[in-house]
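2 protein chains.
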Amino acid sequence: MLGSPGPGSQMVEAQLNVKPDFSARVQESEQPRSQVVRFGPEQPFRLDAGVELAPFQIAYQTYGTLNPERTNAVLICHALTGDQHVANTHPVTGKPGWWETMVGPGRPIDTERYFVICANVVGGCMGTTGPSSIDPASGLPYGLGFPGVTVRDMVRAQAVLLDHLGIGMLLAVAGGSMGGMQVLQWAASYPERVFAALPIATATRHSAQNIAFHEVGRQAVMADPDWRQGRYLLEGTSPRRGLAVARMGAHITYLSDAALHRKFGRRFQDRDNPTFSFDADFQVESYLRHQGITFVERFDANSYLYLTRAMDYFDLAADYDGVLANAFKGTKTRFCVISFTSDWLFPTPESRAIVHALNAAAARVSFAEIDTDKGHDAFLLDEPELFAIVRGFLESAAAARGLAAARR
Amino acid sequence: MLGSPGPGSQMVEAQLNVKPDFSARVQESEQPRSQVVRFGPEQPFRLDAGVELAPFQIAYQTYGTLNPERTNAVLICHALTGDQHVANTHPVTGKPGWWETMVGPGRPIDTERYFVICANVVGGCMGTTGPSSIDPASGLPYGLGFPGVTVRDMVRAQAVLLDHLGIGMLLAVAGGSMGGMQVLQWAASYPERVFAALPIATATRHSAQNIAFHEVGRQAVMADPDWRQGRYLLEGTSPRRGLAVARMGAHITYLSDAALHRKFGRRFQDRDNPTFSFDADFQVESYLRHQGITFVERFDANSYLYLTRAMDYFDLAADYDGVLANAFKGTKTRFCVISFTSDWLFPTPESRAIVHALNAAAARVSFAEIDTDKGHDAFLLDEPELFAIVRGFLESAAAARGLAAARR
Chain A
1 MLGSPGPGSQ MVEAQLNVKP DFSARVQESE QPRSQVVRFG PEQPFRLDAG
51 VELAPFQIAY QTYGTLNPER TNAVLICHAL TGDQHVANTH PVTGKPGWWE
101 TMVGPGRPID TERYFVICAN VVGGCMGTTG PSSIDPASGL PYGLGFPGVT
151 VRDMVRAQAV LLDHLGIGML LAVAGGSMGG MQVLQWAASY PERVFAALPI
201 ATATRHSAQN IAFHEVGRQA VMADPDWRQG RYLLEGTSPR RGLAVARMGA
251 HITYLSDAAL HRKFGRRFQD RDNPTFSFDA DFQVESYLRH QGITFVERFD
301 ANSYLYLTRA MDYFDLAADY DGVLANAFKG TKTRFCVISF TSDWLFPTPE
351 SRAIVHALNA AAARVSFAEI DTDKGHDAFL LDEPELFAIV RGFLESAAAA
401 RGLAAARR
Chain B
1 MLGSPGPGSQ MVEAQLNVKP DFSARVQESE QPRSQVVRFG PEQPFRLDAG
51 VELAPFQIAY QTYGTLNPER TNAVLICHAL TGDQHVANTH PVTGKPGWWE
101 TMVGPGRPID TERYFVICAN VVGGCMGTTG PSSIDPASGL PYGLGFPGVT
151 VRDMVRAQAV LLDHLGIGML LAVAGGSMGG MQVLQWAASY PERVFAALPI
201 ATATRHSAQN IAFHEVGRQA VMADPDWRQG RYLLEGTSPR RGLAVARMGA
251 HITYLSDAAL HRKFGRRFQD RDNPTFSFDA DFQVESYLRH QGITFVERFD
301 ANSYLYLTRA MDYFDLAADY DGVLANAFKG TKTRFCVISF TSDWLFPTPE
351 SRAIVHALNA AAARVSFAEI DTDKGHDAFL LDEPELFAIV RGFLESAAAA
401 RGLAAARR
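Protein sequence lines correspond, in order, to chains A and B.
In this text, residue positions in the first sequence follow our numbering: the first is 1, and each later residue adds one.
In this text, residue positions in the second sequence follow our numbering: the first is 1, and each later residue adds one.
Misleading hints may appear alongside valid ones.
As the list claims (entries may be wrong) - Where chain A lies over chain B, by a calculated footprint (3+ residues, C-beta under 8 Å):
| id | segment |
| --- | --- |
| 1 | 71-84 |
| 2 | 239-253 |
Said to hold, decoys possible - Dumping the calculated SDA-like pairs for lysine to any residue here, alpha-carbon to alpha-carbon at most 20 Å:
| id | chain 1 | residue 1 | chain 2 | residue 2 |
| --- | --- | --- | --- | --- |
| 3 | A | 263 | B | 315 |
| 4 | A | 329 | A | 352 |
| 5 | B | 329 | B | 169 |
| 6 | A | 332 | A | 364 |
| 7 | B | 263 | A | 315 |
| 8 | B | 332 | B | 367 |
Claimed, not checked - According to the in silico footprint, chain A covers these stretches of chain B (three or more CB under 8 Å from chain A):
| id | segment |
| --- | --- |
| 9 | 23-30 |
| 10 | 195-208 |
| 11 | 219-228 |
| 12 | 256-270 |
| 13 | 353-360 |
It is worth saying that the hints were derived from the structure and are not from the lab.
Just so you know, these numbers come straight off a predicted model, no measurement behind them.
Glycine included, each C-beta is placed from N, C-alpha and C at the ideal position.
Using the sequences provided together with the hints, build the complete structure.
Spelled out as structure tokens, the structure:
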């Protein structure tokens with residue numbers, strides 16, 4: 001399974017005696033266990049920060065077959081801690097892909113009809129160039145030497161990938177949370193390449209509260225002495241405790257109060273009474289600790305800093321004189337905006353603001369608020385109404401674009 | 001201002017070369033700059049955990065004068081990170097008392113009419129026995145050797161203080177958040193000593209989400225290597241970074257999304273554009289960092305662990321066969337329950353549950369939900385409607401108890 005490490009990561013391993021798990025981290029960044037397209041020094045990728053990345057690579061997965069007319073491509077944009085492994089076993093965790101309920105043969109995003117693409121975002125840690133990639137200037141991982149990235153950068157990189165794949169217009173682009181931000185950016189930056197857009201559980205800008213939660217997570221990472229000012233890969237340490245705390249805090253925001261109550265209530269762990277200790281006394285504590293611990297096995301701490309920052313910076317209207325409708329002026333893209341009643345991280349009013357702007361731009365838009373107690377994470381979970389809406393919207397888009405009807 | 005350190009803290013300083021700030025922490029625990037009552041080995045204080053604390057001390061402040069009939073005493077219960085310094089300059093921070101808008105001459109809780117008492121809770125760090133106090137068995141700070149505490153313990157200690165002060169029945173007991181939990185516990189444990197009760201922005205039990213947020217805070221503290229398994233006072237370190245992260249995260253839950261938006265929105269700090277760095281780019285980040293940094297100057301990390309745990313354990317109905325109304329059976333106390341529309345930590349339904357239980361117990365109860373965007377922290381802030389309700393409720397209670405009417 002494991003590809004041989006590239007020259008960069010071999011050098012790091014040899015020169016710096018990087019511990020095995022960190023060489024694995026660098027290896028997944030350089031030689032991802034997925035498809036990858038590499039651009040050499042002659043094809044730099046320019047970031048909003050004004051810096052060029054070269055070499056530059058994009059790791060991605062595809063599912064299904066591109067039709068001869070090249071009209072059935074669906075791009076999926078992943079969320080903050082997601083990656084390109086949408087619908088295959090994850091190479092690091094061995095777990096199912098993060099959206100297997102949504103994407104696959106016969107699923108709402110049906111890989112027997114559509115050619116599905118998902119790329120790891122720029123700044124990520126699963127094979128697209130990011131802070132754990134090798135900086136050609138030093139031969140060592142970038143760390144904090146990596147330039148800041150934006151949601152616009154993520155989308156521009158995906159456009160480069162589509163050019164490489166020879167895909168002009170996407171049938172649809174879909175994603176939730178940070179993935180939804182990318183969907184909106186896609187529709188604004190490349191309206192001619194997006195036939196249909198599915199932003200789910202998202203917003204056109206990060207709220208002060210959301211920025212605040214992200215900042216606490218970043219501070220937790222940076223407070224860990226093993227973070228080493230971002231140089232942990234070089235120094236053979238890992239800010240595991242800080243990153244786990246960050247994940248625990250973020251995880252609470254992904255669930256609703258009701259979902260936590262339903263799943264855990266105030267039930268004690270393995271006992272009936274309090275222990276008067278600081279062990280995980282309540283089941284909810286044990287659950288959160290598990291979430292923190294498993295996360296650090298698969299995610300790079302610096303990527304967490306860069307990607308949370310990108311979300312914080314996201315403010316689509318700001319690029320259009322503060323008028324959100326201008327981002328969609330003259331668009332022919334058809335939109336389906338989806339929110340969840342119990343999502344308090346990206347609550348329904350954020351989606352309504354998108355819909356209002358699209359209406360103001362005279363765009364074709366439908367909107368669904370799905371009644372669920374599962375919170376923000378609902379977009380990743382088994383939500384029959386979500387599945388039905390996505391399936392129906394895609395079928396309608398496919399029909400409008402002249403694809404053959406689905407076999408039922 | 002500074003009292004001379006007691007023998008215990010001198011010993012620690014001499015033997016362990018504790019750094020000045022930590023000897024100051026032990027000193028405030030042993031020789032608080034407030035009133036204090038000390039109980040010797042012959043008067044142990046028994047905790048719910050089944051352990052006896054001896055010696056045991058309670059640090060407290062009083063304001064106003066107890067009338068000859070001893071009928072005008074109002075007990076104030078402080079919240080998680082509050083203390084006895086309700087309405088005087090804080091001896092550590094030099095800032096005003098935490099409830100000076102509410103308590104003082106002519107204020108809603110009028111110290112010209114009422115004799116106001118507030119004690120530091122057991123497990124605290126401002127002079128009532130807690131984890132930074134000296135364990136007589138070792139002559140060193142308890143640290144994690146301190147037994148677990150409960151809200152019931154806090155209330156029982158306050159009852160001991162009232163016995164010492166010769167006060168039988170309180171005119172009123174009032175408090176918000178963890179203070180409100182103590183108010184409810186007071187009414188349940190000592191109904192004959194509580195003429196009127198004012199639980200504000202509170203609940204009869206901590207929700208799974210609230211436990212989850214507390215657990216993240218505790219993990220942030222315990223992840224800090226300078227926490228040293230709770231032995232930081234002995235080892236001359238301080239888990240400042242971990243405690244600051246815990247405070248930052250908690251602080252978000254004290255404010256509403258709307259309040260954060262109103263105060264900070266997405267405004268950048270000292271500039272117009274993103275820096276693409278991990279400095280505090282947004283004003284909200286800078287604000288939170290400030291909250292974290294100032295908190296660690298005045299609060300003990302282990303106290304934070306113990307007191308958050310006490311809140312998590314609080315479940316009033318559990319002591320009454322799961323039937324909340326039984327906690328108030330036959331009560332003659334008059335209640336005024338107050339919540340705030342934008343408080344998502346202790347939302348209005350929690351207060352309604354209190355009111356329903358009181359109704360089921362045929363208690364005298366009024367309820368007010370105050371419309372504000374200030375979130376949970378509203379109980380500490382300038383809220384004219386809150387002031388008017390508290391003033392009116394106390395005046396009515398005072399009249400019912402035969403106190404002379406207020407001079408207007």
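Okay, the hints, checked on the actual structure:
no.	hint	in the structure
1	71-84	violated (count 0)
2	239-253	holds (count 7)
3	A:263 with B:315	18 Å, holds
4	A:329 with A:352	18 Å, holds
5	B:329 with B:169	18 Å, holds
6	A:332 with A:364	7 Å, holds
7	B:263 with A:315	18 Å, holds
8	B:332 with B:367	17 Å, holds
9	23-30	violated (count 0)
10	195-208	holds (count 4)
11	219-228	holds (count 6)
12	256-270	holds (count 7)
13	353-360	violated (count 0)
The structure does not agree with the numbered hints 1, 9 and 13 stated previously, though it agrees with the rest.
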